[in-house]
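Student: Going by full-length UniProt numbering, the residue at position 898 of the sequence shown is 898; the numbering climbs one at a time, nothing skipped.
Wrong hints could be hidden among the right ones.
Said to hold, decoys possible - In silico SDA-like links for lysine to any residue, alpha-carbon gap of 25 angstroms or less:
id, residue 1, residue 2
1, K557, K619
2, K634, Q520
3, K735, G779
4, K708, N697
5, K662, R523
6, K652, C667
7, K634, T521
8, K259, E313
I should point out that these hints are in silico values taken from the structure, not numbers from a laboratory.
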Amino acid sequence: MAEATPPRGKMRFRRNAVSFPGNLHLVLVLRPTSFLQRTFTDIGFRFSQEDFMLKLPVVMLSSVSDLLTYIDDKQLTPELGGTLQYCHSEWIIFRNAIENFALTVKEMAQMLQSFGTELAETELPDDIPSIEEILAVRAERYHMLKNDITAVTKEGKILLTSLEVPSAEDPVGSRLEHRHHVNGDWQTVNKLLTQVHDMEIAFDGFWEKHQLKMQQYLQLWKFEQDFQELVSEVELLLNQQAELADVTGNIGQVKQKIKKLENLDENSQDLLAKARFVILHGHRLAANHHYALDLICQRCNELRYLSDILVNEIKARRIQLSRIFKMHKLLQQARQCCDEGECLLANQEIDKFQSKEDAQKALRDIENFLEMALPFINYDPDTLQYEFDVILSPELKVQMQTVQLKLEHIRSAFENQQAGFRNLTDKNVKPVECVVPASDNLMRSRASFSPKHVGVGYSFFQACKLFSKGKKTWRQNQSNLKIEVVHDGREKRSSGQSSSLDNDNTLDVLQNHVLNELIQTERVYVRELFTVLLGYRAEMDNPEMFDLMPPLLRNKKDVLFGNMAEIYEFHNNIFLNSLENCVDAPERVGPCFLERKDDFQMYAKYCQNKPRSEAIWKKYSECAFFQECQRKLKHRLGLDSYLLKPVQRITKYQLLLKELLKYSKGCRGFEQLKEALDTMLDLLKSVNDSMHQIAINGYIGNLNELGKMIMQGAFSVWTGHKKGATKMKDFARFKPMQRHLFLYEKAIVFCKRRVESGEGSDRYPSYSFKHCLKMDEVGITEYVKGDNRKFEIWYAGKEEVYIVQAPNVDVKMTWLKEIRSILLKQQELMTVKKRKQHNPLTDPDHLSSQRNDERQHGSFLGAEEPAPEPSGALAEVQEAVPLVRAEAHTGWTQMSAPAELSEDPEEWPSNYFYASYDDNEEVRPLM
1 MAEATPPRGK MRFRRNAVSF PGNLHLVLVL RPTSFLQRTF TDIGFRFSQE
51 DFMLKLPVVM LSSVSDLLTY IDDKQLTPEL GGTLQYCHSE WIIFRNAIEN
101 FALTVKEMAQ MLQSFGTELA ETELPDDIPS IEEILAVRAE RYHMLKNDIT
151 AVTKEGKILL TSLEVPSAED PVGSRLEHRH HVNGDWQTVN KLLTQVHDME
201 IAFDGFWEKH QLKMQQYLQL WKFEQDFQEL VSEVELLLNQ QAELADVTGN
251 IGQVKQKIKK LENLDENSQD LLAKARFVIL HGHRLAANHH YALDLICQRC
301 NELRYLSDIL VNEIKARRIQ LSRIFKMHKL LQQARQCCDE GECLLANQEI
351 DKFQSKEDAQ KALRDIENFL EMALPFINYD PDTLQYEFDV ILSPELKVQM
401 QTVQLKLEHI RSAFENQQAG FRNLTDKNVK PVECVVPASD NLMRSRASFS
451 PKHVGVGYSF FQACKLFSKG KKTWRQNQSN LKIEVVHDGR EKRSSGQSSS
501 LDNDNTLDVL QNHVLNELIQ TERVYVRELF TVLLGYRAEM DNPEMFDLMP
551 PLLRNKKDVL FGNMAEIYEF HNNIFLNSLE NCVDAPERVG PCFLERKDDF
601 QMYAKYCQNK PRSEAIWKKY SECAFFQECQ RKLKHRLGLD SYLLKPVQRI
651 TKYQLLLKEL LKYSKGCRGF EQLKEALDTM LDLLKSVNDS MHQIAINGYI
701 GNLNELGKMI MQGAFSVWTG HKKGATKMKD FARFKPMQRH LFLYEKAIVF
751 CKRRVESGEG SDRYPSYSFK HCLKMDEVGI TEYVKGDNRK FEIWYAGKEE
801 VYIVQAPNVD VKMTWLKEIR SILLKQQELM TVKKRKQHNP LTDPDHLSSQ
851 RNDERQHGSF LGAEEPAPEP SGALAEVQEA VPLVRAEAHT GWTQMSAPAE
901 LSEDPEEWPS NYFYASYDDN EEVRPLM
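Based on the sequences and whatever the hints tell you, model everything.
Tutor: This is how it looks when you write it as structure tokens:
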């Protein structure tokens, strides 16, 4: 190189020495051509104090040709006397491109290494959504890096193409020189491309393995989740079937357990199908060489084991419950057989038959019954206990012993009966006389034996068919008996003990029939409530039925059905089970009602809501929703008939209790049964009174503050004033006012009954409030001239007088007794208060004040005409409670009709709680 001045040349040397990548061994200096410049150059380099100038040898060249001595001409450009074709700017461009490409390859390698380290060190999540999310993120990053590698490869290939050898058209010397120039750069770029390719292959292999592992990890978690869900469901079903292991309870409870087990079995079939699918999925994962092969196989085996346990447990539980149900069925059929046998014995007293033919016919009836009941008469308790020993509970063992005793009694009774009839057929029958049978005989003849009440066991059912052919003729002959055989005294004495035994047995049979009627009708009642709640009330929340329902009806569910759901829960969960426990213990019926008398108050709430419910039904009864529900339930009657069921049922209990009480005289629990009947009658009266109270309009205040309602009824009333001026309108009022009186503990309320036109006006009347008399200012006069049905109620010291005429004397005496009782209680309270105010130990006038109180009380209850109280009036008070419309008929045969009301609404009165009456009529019972 050459510079005009030495300082500029030294600066160039310094820069080259610093930037040159290798070590400098020799410095060639080309002198300038002019004399002065050459002289200055020699002097400058000779006396230079630069370190690199002192360390390196410097050769001073006088001309360009001297360079060929040290450097080959192929390495020199033409301006320096060489042949090298060189462009410095082009060389700089290629050098920068190569260096940038090398740097990019290095950065790419670092990115791939960092990504691989991150995948290896990052902890995997333990939930499926997070696993799926991280797998998607990593796949996205993989594709981004893959695109970067592709871009780098493309860049390297372009650079490599630019460094290729020139075309064949160039001179040979020029191509050789160019190849020699770019050979090193081309190899460098090619080497970098090879590195990029190797990195891409390694990265693809790493990602393929990682992706497979992540997918298998995700599959394992899904498999584990399905496994855990199935295990939980299997354990739940196992626990549910274990709850059915209790062998206690009656036949209804056992049947309910069998139904629950069938539902469990249906659910288990779906669960087992899911388990088989999960096991198959596990086998597929194992076949695809999953990395968790051992764990998957273990889970499949566990699931298969649990499935087998579930199937076996349900099968064993079904066998157990079936045997228990069979045992209960046998015991039930045996008990029914005993009941029918007792009924047959009660209708075949030996002294009723007039001829040998009648005795032979009765003997054939006994033989037919024994043939039909042979499976139970030949009952072997030891064999049965051996067969069912595994499932026998203490309760079942006691029932077996009870049935065994009854069967032995029936067997011995039939043997005695057969012996008596055989003796009768062997003897000559004396003349007979026609008599009219007694009422109890007629009752027993109507309650004749009928095999239809016996159980449905196969052998027993077949035996029933054999006897059913002659049933009609046998019943007719039994009901047409109108003569008695007159035997000698010895035969009468021999049959006396048997007759008394038969009478006792008849009462037991009739008692059992009433009890069975109570339980069976209770089951029907509960089933009907459930049908209404499920088929109507629940459907009002079904979105698919909204189109059939008027919008205003959707929010009226609680008003339409009232508290029927509460009533159903009480009867289904509590009361029905309590009644079923009384099957073998009729003495428990009374306590069953008494213990739950407070729960029956929910019927008052239902009855008070009934007018609102009927108003809604009347408004929407024709809508398509109710018709569709009725069609689905296949009900012959509409919803209104079923909404009346609770009202009918609460009135039916006292009828059944009356009938049961009639056949329980002298039995255990008789007093409690009588108390239960009184409780139900009081409940009906309370419900009836509450229905009247809510119909009172116009009273300012709260009627509940007046205390408990004692009585209510319709009366004819005249008003007058014993003191002060008499109003002119009172002189003109010769016709009595019709008023409905309500007697409370603290007041008497006068109301006027409003007669409203339209449907339902008689059923739910309304009362307009007129005035109220506080009991602390009320007095009574028990007898009034002219009519023994009248009495006076005077107020505020006879300032106001009301002459009240009752429908009859009994009603009058009942009201007087209740009013007198309230006034006496008030007088006692006043006396107690006075005693507290005046200490009897220090007050000398205590005795005299007490006497004055007694005199005052006598004047308070004084009468205008003193007369003795009629005898027997108080004895009739207890019979003056509101009567129920439906009275029990005398005799069991008339009670054998279904206890539930008829489905035909025309057979039932419209006023269950209210009775319409005219102003001049006597008051009729309201229930």
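Student: None of the hints should be skipped; say for each whether it holds.
Tutor: Hint-by-hint comparison with the structure:
1. K557 x K619: 14 angstroms, holds
2. K634 x Q520: 22 angstroms, holds
3. K735 x G779: The given pair, whose Cα atoms are some 24 angstroms apart, holds under the 25 angstroms limit.
4. K708 x N697: At roughly 18 angstroms apart (the allowed maximum being 25 angstroms), N697 and K708 satisfy the hint.
5. K662 x R523: Status holds; Cα separation ~23 angstroms.
6. K652 x C667: Holds. K652 to C667 sits at ~23 angstroms (cutoff 25 angstroms).
7. K634 x T521: Holds, at about 20 angstroms.
8. K259 x E313: 16 angstroms, holds
Every hint from the earlier list agrees with this structure, and none is contradicted.
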